[in-house]
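Protein sequences, first through last, are from chains A and B.
Using my numbering, the letters of the first sequence map in sequence onto residues 1 to 83.
Using my numbering, the letters of the second sequence map in sequence onto residues 84 to 360.
Don't take every hint at face value.
[To be verified] Distance ranges between label pairs, derived from CB positions:
1. 317(B) to 27(A): 39 to 49 Å
2. 174(B) to 11(A): 35 to 45 Å
3. 11(A) to 187(B): 52 to 62 Å
4. 296(B) to 76(A): 49 to 59 Å
It should be emphasised that the hints constitute simulated quantities derived from the structure, not laboratory data.
Keep in mind that this is a model prediction, so the values were computed, not measured.
The C-beta atom is built at its ideal place from N, Cα and C for all residues, glycine as well.
The primary structure of each chain is shown beneath.
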Amino acid sequence: MKNALTVATFLSVLIFPWPLTMSLVLLGALWIPLLPLAAGIMSDALTYAPSATIVPYGTLIGALLSAGSVAVRTRLSAGIIGE
Amino acid sequence: MKKTSFTRRNALLSPLRLSIGGVALSVALVALALRLVMPNFFFTLANPFLTVGDSIASGTHTFFSGWFTSTELSHANRSLRQENEELRIASDALRAELFDTRMLLHATSSPDEPGISAGVLMRPPQSAYDTFLVGAGSSAGITTGMEAFGAGGVPLGVVTAVWHDFARVTLFSAPRMQTLGWVGASRAPVSLLGRGGGSLYALVPRAEDIHTGDRIYVPGPGALPYGVVAGVSEDPSSPAVTLHIQPSVSMFRVTRVTLRDVGKSISDATVFATTTP
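The following block holds chain A by itself, in its conformation from the complex (with noise of 0.2 Å):
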């Protein structure tokens, strides 16, 4: 199941469009907290352009949702989610 997400998560990085991208992202950051930076970091070394902006949003917004999935993950009981 992890597995699987977390594959699908990187092929819809490089296939779908990133509001499917961030559903799955938002999905495994439920299993797997480093999913979203990794997708995030993934997605700006597709796309990234300093050109258009300063600010790396997908290694950033990844950065973010790794750190809350983090914290949601130490603060709710392993039998809700979890392993």
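Let chain A serve as the given structure and place chain B on it in line with the hints.
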């Protein structure tokens, strides 16, 4: 007393157990390093996936278009054909007029000059930024500062990075782009500011009397029609009005662009577009 001893653990020789998140992050970091060190190789690897993505985007658009009933489509088709014919006639008339004007001015540059045609590999919304990744680079003769044109010769943006087989076009609508253009029949000078998502805005003095539907022009060979004023926001306390600009070509549907060197006119008119790769 017997001393308790523990076996020493060698961190370097211990089997490495990485979580799936760690693996994903490692892959992303390797991709980023590859992108920074060998961008052309990176995009060559990504190219097959991007091509598949392009096909999927087109298929999705066709699928959703099919939701309309056949009667509506037939009606739309008929009206579009008629509109197309009217536009063709108007275009021919303007072309002839332009030719006569250029003959009078002895101009050497023409919007009809052939450029370098390139397929768009990545566009919004695949790309979160208002940029195109095109499948032609320095090997095809593309250089930084060339202007990109869509169907009908509508200017779209400027080439801001070039690799061996790929190039990046930053659209006029990109958030950091500021382009000096003109608005309305009087060609009032205006600074067009990108706001992302394919839209732009501009601030003009109230005295210019600009209305919704007025045309926007950007530099190319001369002033080229880029889009229209989709709306005008007025603040009674301000001497300026805000123009909301809609480009003529939807960047979400551009599949090919023509890249052409238009001289210094576009680089002089474009601000904040850097050449950083």
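Here is how each hint holds up against the structure:
no. : hint                        : result
1   : 317(B) to 27(A): 39 to 49 Å : 44 Å, holds
2   : 174(B) to 11(A): 35 to 45 Å : 42 Å, holds
3   : 11(A) to 187(B): 52 to 62 Å : 57 Å, holds
4   : 296(B) to 76(A): 49 to 59 Å : 54 Å, holds
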